[in-house]
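A.B. asks: Protein chains in written order, with the numbering used here: chain A, 1 to 196; chain B, 1 to 81.
By construction, these hints were calculated from the structure, which means they are not laboratory data.
Predicted model, so just to flag it, every value in this text is computed and none were measured.
Built from N, CA and C at the ideal position, the CB exists for glycine as well.
Check each hint, because a few of them may be wrong.
[As the list claims (entries may be wrong)] Derived contacts from chain A toward chain B, CB cut-off under 7 Å, selection only:
id, residue
1, 25
2, 29
3, 71
4, 73
5, 162
6, 163
7, 165
[As the list claims (entries may be wrong)] Computed list of lysine-lysine pairs in PhoX-like fashion (alpha-carbon distance at most 25 Å, straight line):
id, chain 1, residue 1, chain 2, residue 2
8, A, 65, B, 66
9, B, 60, A, 65
10, A, 65, B, 4
11, A, 65, B, 38
12, A, 46, B, 19
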Amino acid sequence: MRALVGNDVVDLGDPEIAEHHTRERFVARICSDEERARLAAAACAKRYLWTLFAAKEAAYKVARKLHDDAIFAHRRFVVAEDLRTVRWGDLELALRVEADDVRVHAVATTEAAPALSAVASIWRNEPPSAAGRTLLRDALSRALGCTPDDVEVARPVLPGSWDGFGPPRVLLRGTPIDRDVSLSHDGRFVAFAASS
Amino acid sequence: MDQKEVFDKVVAILKPFAKNPDALATVAMETSILKDLKVNSARLVDVVLEIEDNFGIEVKDEDADKVKTVGDAVNLILAKG
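Required output: the full structure, derived from the provided sequences and hints.
C.D. replies: Structural data, given as structure tokens:
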């Protein structure tokens, strides 16, 4: 089976999410009991909460590709203490998290091999979706040994999805390639992940 | 509470979370909360909590996941009311 990826980026500089780690009901909606205990003991609770959130969102994107009826019930996506796996029922996904003071980026995959991924800042007034596609095309063209113009990112129509389109697909000179990809953006950042 | 009252209250709840305030000017039952109003997934959780508080209902994960449009939220509230 083709390896699948999901990713999520969170801009920690967004003032609107600055205090969510102190909001009991929000935390209870997102975290399992075990995760809540870890959050309470975390040196930086804010970063830890959004690390868990990004990991769950990334894993949900993979789960949704595997199961059309997957729902985003955050507590059911359980992040391991070492932040290296996310479990959803019987499905265990490999997880990679990169976090610093300004952002968190999580990548979940069905394969052990590391996915290609990157995060970039959005230029002022640049549409996030265009910025994400540019980042993905540039990185994939380097990996594939071609030019960015050879790489196209398309989203097929998918009735019933949140915006009417399905997950992004990559075409190389017009032909679909066997690499799953995931795009995300939040605040000042765009990010992508691609299966290896 | 009738549909119009619930609709107005839902729009008021969504207002501070909408990253695309222009879409609020033409908001309707079929307006997409994520695509049109550009409420992100984290803030959607805040919206669900606000709906619970304002309407005195419990919104289960399964119900929350089905809410794509303003009308979905209104109908969910009316169904639980």
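A.B. asks: Just pull the numbers of the violated hints for me, sorted ascending.
C.D. replies: The structure conflicts with hints 7, 10, although it agrees with all the remaining ones.
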